[in-house]
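Note that the protein sequences, when read in sequence, are chains E and R.
Numbering of the first sequence is given in the numbering used here, commencing with residue 1 and proceeding in unit increments.
Numbering of the second sequence is given in the numbering used here, commencing with residue 1 and proceeding in unit increments.
Among the hints, erroneous ones may be present.
Stated by the list, open to error - In silico contact screen, one side only, chain R against chain E (beta carbon under 8 Å); selected entries:
{"hint": "1", "residue": "L50"}
{"hint": "2", "residue": "T54"}
{"hint": "3", "residue": "W105"}
Said to hold, decoys possible - In silico contact screen, one side only, chain E against chain R (beta carbon under 10 Å); selected entries:
{"hint": "4", "residue": "E44"}
{"hint": "5", "residue": "P45"}
{"hint": "6", "residue": "A119"}
{"hint": "7", "residue": "P131"}
As the list claims (entries may be wrong) - Listed next, with one range per pair, are the computed distances between beta-carbon atoms:
{"hint": "8", "chain 1": "E", "residue 1": "V50", "chain 2": "R", "residue 2": "R66", "range": "28 to 36 Å"}
{"hint": "9", "chain 1": "R", "residue 1": "A243", "chain 2": "E", "residue 2": "E114", "range": "44 to 52 Å"}
{"hint": "10", "chain 1": "E", "residue 1": "I54", "chain 2": "R", "residue 2": "D18", "range": "48 to 56 Å"}
{"hint": "11", "chain 1": "R", "residue 1": "E247", "chain 2": "E", "residue 2": "R219", "range": "56 to 64 Å"}
{"hint": "12", "chain 1": "R", "residue 1": "R131", "chain 2": "E", "residue 2": "E114", "range": "42 to 50 Å"}
{"hint": "13", "chain 1": "R", "residue 1": "S19", "chain 2": "E", "residue 2": "I54", "range": "47 to 55 Å"}
{"hint": "14", "chain 1": "R", "residue 1": "V72", "chain 2": "E", "residue 2": "A250", "range": "55 to 63 Å"}
{"hint": "15", "chain 1": "E", "residue 1": "R136", "chain 2": "R", "residue 2": "V72", "range": "17 to 25 Å"}
{"hint": "16", "chain 1": "R", "residue 1": "G35", "chain 2": "E", "residue 2": "D204", "range": "25 to 33 Å"}
{"hint": "17", "chain 1": "R", "residue 1": "V72", "chain 2": "E", "residue 2": "A241", "range": "29 to 37 Å"}
{"hint": "18", "chain 1": "E", "residue 1": "R217", "chain 2": "R", "residue 2": "V72", "range": "43 to 51 Å"}
{"hint": "19", "chain 1": "E", "residue 1": "E44", "chain 2": "R", "residue 2": "A243", "range": "54 to 62 Å"}
Since the hints were derived computationally from the structure, they do not count as laboratory data.
In this text, all values refer to a predicted model and were calculated from it rather than measured experimentally.
Where is the CB? At the ideal position from N, CA and C, for every residue including glycine.
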Amino acid sequence: MSEQLALLPGFLTAHLQLSLVALALGTLISVPLGILVTRRREFEPGVLGVASVIQTIPSLALLAIMVPTLAAIGAVSSRVFGIEIRSIGYLPAIAALTLYSVLPILRNTVAGIEGVDPALVEAARGVGMTPSQRLRRVELPLALPVIVAGLRTATVWVVGTATLSTPVGATSLGNFIFSGLQTRNFSAVLVGCIASAALAIVLDQTIRLLEVGLRERRRGRILAAATVLLLLATWTAGSFARTWLSSGRAPLAIGAKTFTEQYVLSEILGQWIEARTGRDSETLSSLGSTVAFDALRTDEIDLYVDYSGTIWATIMKRTELPKRRHEVLDAVRSYLADEHGIALVAALGFENTYALGMDAGRARKFELTRISDLRRVASNLSIGGDFEFFARAEWKALERVYGLVFREQRMMDASLMYAAVEAGDVDVISAYSTDGRIASLGLVLLEDDRGVIPPYDAIVLASPRLAREEPDVIAALRELSGAIDAPRMQQLNHAVDGGGRSPREAAAGFLADRAAVSGP
Amino acid sequence: MIEAAQLSRHFGAITAVDSVTFRVESGECLVLLGGSGSGKTTTLKMLNRLVEPTSGSVRLGDVDTRELEAHVLRRRVGYAFQQIGLFPHLSVAENIGITPALLGWAPERIEARVESLLAMVELEPELFRERAPNELSGGQQQRVGLARALAAEPEVLLLDEPFGALDPITRDRLQQSFQRIRADLGVTVVFVTHDMTEALLLGDRIGVMNEGKLVQIGSPRELLRAPADAYVAELMATPRRQAEVVERLLRRDELSR
Numbered sequence: 001m002s003e004q005l006a007l008l009p010g011f012l013t014a015h016l017q018l019s020l021v022a023l024a025l026g027t028l029i030s031v032p033l034g035i036l037v038t039r040r041r042e043f044e045p046g047v048l049g050v051a052s053v054i055q056t057i058p059s060l061a062l063l064a065i066m067v068p069t070l071a072a073i074g075a076v077s078s079r080v081f082g083i084e085i086r087s088i089g090y091l092p093a094i095a096a097l098t099l100y101s102v103l104p105i106l107r108n109t110v111a112g113i114e115g116v117d118p119a120l121v122e123a124a125r126g127v128g129m130t131p132s133q134r135l136r137r138v139e140l141p142l143a144l145p146v147i148v149a150g151l152r153t154a155t156v157w158v159v160g161t162a163t164l165s166t167p168v169g170a171t172s173l174g175n176f177i178f179s180g181l182q183t184r185n186f187s188a189v190l191v192g193c194i195a196s197a198a199l200a201i202v203l204d205q206t207i208r209l210l211e212v213g214l215r216e217r218r219r220g221r222i223l224a225a226a227t228v229l230l231l232l233a234t235w236t237a238g239s240f241a242r243t244w245l246s247s248g249r250a251p252l253a254i255g256a257k258t259f260t261e262q263y264v265l266s267e268i269l270g271q272w273i274e275a276r277t278g279r280d281s282e283t284l285s286s287l288g289s290t291v292a293f294d295a296l297r298t299d300e301i302d303l304y305v306d307y308s309g310t311i312w313a314t315i316m317k318r319t320e321l322p323k324r325r326h327e328v329l330d331a332v333r334s335y336l337a338d339e340h341g342i343a344l345v346a347a348l349g350f351e352n353t354y355a356l357g358m359d360a361g362r363a364r365k366f367e368l369t370r371i372s373d374l375r376r377v378a379s380n381l382s383i384g385g386d387f388e389f390f391a392r393a394e395w396k397a398l399e400r401v402y403g404l405v406f407r408e409q410r411m412m413d414a415s416l417m418y419a420a421v422e423a424g425d426v427d428v429i430s431a432y433s434t435d436g437r438i439a440s441l442g443l444v445l446l447e448d449d450r451g452v453i454p455p456y457d458a459i460v461l462a463s464p465r466l467a468r469e470e471p472d473v474i475a476a477l478r479e480l481s482g483a484i485d486a487p488r489m490q491q492l493n494h495a496v497d498g499g500g501r502s503p504r505e506a507a508a509g510f511l512a513d514r515a516a517v518s519g520p
Numbered sequence: 001m002i003e004a005a006q007l008s009r010h011f012g013a014i015t016a017v018d019s020v021t022f023r024v025e026s027g028e029c030l031v032l033l034g035g036s037g038s039g040k041t042t043t044l045k046m047l048n049r050l051v052e053p054t055s056g057s058v059r060l061g062d063v064d065t066r067e068l069e070a071h072v073l074r075r076r077v078g079y080a081f082q083q084i085g086l087f088p089h090l091s092v093a094e095n096i097g098i099t100p101a102l103l104g105w106a107p108e109r110i111e112a113r114v115e116s117l118l119a120m121v122e123l124e125p126e127l128f129r130e131r132a133p134n135e136l137s138g139g140q141q142q143r144v145g146l147a148r149a150l151a152a153e154p155e156v157l158l159l160d161e162p163f164g165a166l167d168p169i170t171r172d173r174l175q176q177s178f179q180r181i182r183a184d185l186g187v188t189v190v191f192v193t194h195d196m197t198e199a200l201l202l203g204d205r206i207g208v209m210n211e212g213k214l215v216q217i218g219s220p221r222e223l224l225r226a227p228a229d230a231y232v233a234e235l236m237a238t239p240r241r242q243a244e245v246v247e248r249l250l251r252r253d254e255l256s257r
C-alpha cells in the first residue's frame with residue numbers, strides 16, 4: 001500500500017495534466033464552434049451530429065483508434081513537413097480526451113446562446129450593437145453559466161475516461177488500475193479508483209461553484225473557484241516545465257504489454273541496463289500488443305520483450321505450421337532486421353506459449369493429457385480466451401488441425417481467465433505457459449501433440465534507433481541471453497500474482513540472485 | 001425630422017405594411033394607433049431597421065437611412081419597447097450608458113449623462129445607479145428603459161407600447177413623466193400604441209393604421225371631427241363612450257344620495 005501511495009503524486013499530477021489540457025483544448029474548440037453554429041444555422045445538424053457520433057464511440061476504442069490515426073498523420077507530416085508526431089503516449093490520450101469533451105461544451109454553448117431572452121437580443125440591436133458586440137456584451141455573458149455547466153459535465157467524463165489512457169502509453173491514475181488488475185494487487189486498483197473519483201469530485205465541485213457564482217453574479221464564489229482552478233493549472237504547468245527543463249539525455253523508454261510477466265521483464269531490463277551502463281529508463285506499461293510493436297518500429301519506445309511466435313503469426317502473418325524453435329527465431333530475427341531495422345538482441349531462455357489449460361482434476365476425469373484428446377469432449381466444454389486469442393492464427397490452426405468445436409467461446413480479461421477456470425465457469429482456457437497461477441491453482445497444460453502452436457521464445461527487441469546509437473546498452477542486454485528459464489519465470493510471475501510482491505521487487509530479487517551466483 | 005416614403009414590408013405572402021408615407025417634424029410626437037396585426041410595430045421597426053423594408057425609404061434629417069450601417073443608425077435613434085429588455089448582467093447605470101459607451105464617449109461624460117437621466121426619469125441616482133435590473137419594479141424598469149433610449153441624445157425616439165404592460169396608476173405616472181421630459185428636451189417621437197386614451201393624451205398627431213395601411217393621419221381634433229372611414233370613426237368614439245359610462249355611474253350615485 002505504501003508503495004502505491006508513493007506513486008500517487010506522480011500519477012495524480014499526470015492525470016490532472018491530461019484532464020486539464022484536454023478540457024482547455026476542448027473548450028477552445030467547442031465554444032467557437034458553438035458560436036459559429038448559432039450564427040450559421042445550416043451547420044447545426046452537421047456539427048452537432050458529428051459531435052454526437054464521437055460521443056457514442058466507446059471511450060477505450062476512441063483512445064485506441066487515436067494511435068493508428070496519429071501514426072498515419074505522422075507519416076504524412078514527417079514526409080511533407082519533416083515534423084515527427086508521436087503516436088503513442090501523451091498525444092493520442094490528449095487527442096481522444098479532447099474530442100470526448102467537445103459534445104457537452106458545444107451543446108451547452110449552443111443552448112446557452114439560443115436560450116438568451118429574445119427581448120434582450122432585440123434590446124441589444126436597438127441600442128446599436130453590431131452583431132459581434134451583441135455576442136461579446138450580451139449573448140456570451142448571459143450564456144456563460146450554461147457553458148460552464150457543460151464544461152462541468154465534460155470534466156467529470158474526461159477525468160473518468162483519462163484512466164483509460166494507460167494502454168496508449170500515457171501515464172495516469174489508470175496505471176494503478178491496469179497494473180493492479182493484472183498483478184492481482186487490489187490495493188493498487190483501489191488507490192487508482194479512489195484517487196480518480198476524488199479528483200473528479202473536487203473539480204466538479206469547483207466548477208459548480210464557478211457556475212453558481214456566474215449565475216447569481218456572486219463575485220466571491222467566482223473568485224474562489226477561479227483561484228482553485230488557477231492553482232491546479234499552475235501546479236500541472238510547473239510539473240510540465242520541470243520535465244521539460246530536466247533535459248539531458250531522455251531516459252530509455254521500455255514498453256510492457258498488459259500482463260504480469262511483461263511488468264517484471266520490463267523492470268528486469270531497466271534495472272539491468274542501469275546497473276551495467278548507468279543509463280536510466282522509464283516504463284510505459286500496459287501497452288496493447290500491436291501498439292507496443294508499432295511504437296518500437298517508430299522509435300517511440302526503445303525496448304520491450306515480445307515472443308517469437310507472436311511476431312511470426314501476427315506481424316509476419318505466417319499461417320503454415322511452424323518449424324522448430326531456432327528456425328522460427330532465425331526467421332524472426334532476419335525479418336525484423338530487414339523489414340524494420342529492429343534488432344532481436346537476446347532470447348531470454350524461456351518460452352511463454354499459449355497453451356490450453358484445465359483444472360487438473362477435471363482433466364483426469366475426462367482422461368485428457370493431449371489436445372487431440374479434447375476432440376471427443378470439446379462439444380460439451382466451454383473455452384475462455386484473452387482478448388487476442390480467438391483472433392490469432394494459432395487458434396484457427398488449433399481448430400483446423402485438431403477439429404475442435406467447443407460448446408461456447410468466451411472472451412475475457414486475462415487476469416479473470418484463471419479465476420474463471422478455477423471456479424468452473426469455463427472448462428478450458430488459453431493459458432500462458434509461464435503463468436505463476438498454473439502451479440498455484442493446480443492447472444495442467446494439454447500437450448500440443450501435433451505441433452500447431454509456434455514456439456514463443458521471449459525475445460528482447462531493440463528499436464532501430466537504440467540498435468544504431470547505443471551499442472553499450474545492446475551489449476549489456478546480450479548478456480541476458482538464456483538468463484531466465486521457464487520455471488524461473490513462473491516463479492517470478494507467481495511472486496507478483498500470488499506472493500504480493502511488486503514487479504520492481506521481483507526484478508530486484510532476480511538480479512540480486514544472479515549477481516550472487518556469478519560473483520562480483 | 002423623420003420621414004417614411006412608400007414604406008412596405010411583406011412576410012412571405014402576407015403584406016404587413018402597405019405603402020405607408022408620413023413625416024414627423026422636429027419636436028413633434030406622432031402616435032401610430034391600431035389594433036394588433038395592423039402593422040404599426042412593423043412600421044416603427046422599419047424606421048431604425050430592426051426590420052428591413054421590402055420597399056420604400058426612410059429619411060432621418062437629410063440622410064437616407066439605407067446609406068447608414070444599421071448599428072450606426074440605431075445609435076442615433078432611441079428605442080424602447082414593452083418588454084423593456086434591460087440587460088440583467090449590467091447595473092442600472094451600465095444599462096443606461098450602453099449606447100454612449102458604444103459611441104466611445106469618455107467615462108466621465110457617460111457618468112454625468114447617466115446622473116442627469118436618472119434624475120429626469122425620477123429615480124434617485126444615489127439609490128438606483130448600482131442596482132441590478134431585477135431589483136426594480138416594472139415601472140422603475142421602464143423608467144430606466146426610457147433613460148437608456150434617451151442616453152445618446154438621439155435625434156428621434158421610437159417607442160413601441162412602452163407603458164403597455166404596466167398597471168393603470170403606474171402607466172399614468174409614466175405618461176406624465178414622459179410628457180414633462182418631452183417638453184424639456186423637445187425630442188422628436190414616434191409612439192406606437194393600441195390605447196386610444198394614450199394616443200389622445202400624448203400625440204400631437206395620430207396616424208391610424210388598419211390592415212397594414214395608414215388610414216388617416218391628423219391631429220386628434222381633426223380625427224374626431226372628420227374621421228376618414230367607419231373604422232376611424234368607431235375608434236375615435238371609444239373614449240367618449242367610456243367617459244359616458246363613467247359619467248352615468250357618477251350621476252346614479254348622486255341621484256341615490
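- Item | Closest C-beta approach of E:P131 to chain R relative to 10 Å, hint status | holds (8 Å)
- Determine whether the Cβ-Cβ distance between R:G35 and E:D204 falls within the hinted range of 25 to 33 Å. At roughly 54 Å between Cβ atoms, E:D204 and R:G35 fall outside 25 to 33 Å, so the hint is violated.
- Message: The hint says 56 to 64 Å between R:E247 and E:R219; measuring C-beta to C-beta, is that right?
- Response: holds (58 Å)
- That 43 to 51 Å hint for E:R217 and R:V72 (C-beta), does it hold up? violated (32 Å)
- Message: Can you tell me whether the CB distance of R:S19 to E:I54 sits inside 47 to 55 Å?
- Response: holds (54 Å)
- Query: Does the Cβ distance between E:E44 and R:A243 fall inside 54 to 62 Å?
  - Reply: holds (55 Å)
- Message: Within 44 to 52 Å: is that where the Cβ-Cβ distance between R:A243 and E:E114 falls?
- Response: holds (48 Å)
- Could you see if the CB distance from E:R136 to R:V72 stays within 17 to 25 Å? holds (18 Å)
- Item | Hinted contact E:E44 with chain R - closest CB pair below 10 Å | Constraint on E:E44 not satisfied, violated at 23 Å.
- Query: In this structure, is the beta-carbon distance linking R:V72 and E:A241 contained in 29 to 37 Å?
  - Reply: violated (49 Å)
- Item | R:D18 and E:I54 - C-beta distance against the hinted 48 to 56 Å | For E:I54 and R:D18 the Cβ distance comes to about 51 Å; the hint holds.
- Item | Status of the given 55 to 63 Å range, CB of E:A250 versus CB of R:V72 | Given range 55 to 63 Å: holds, Cβ gap about 60 Å.
In summary, the numbered hints that this structure violates are 2, 3, 4, 5, 8, 12, 16, 17 and 18.
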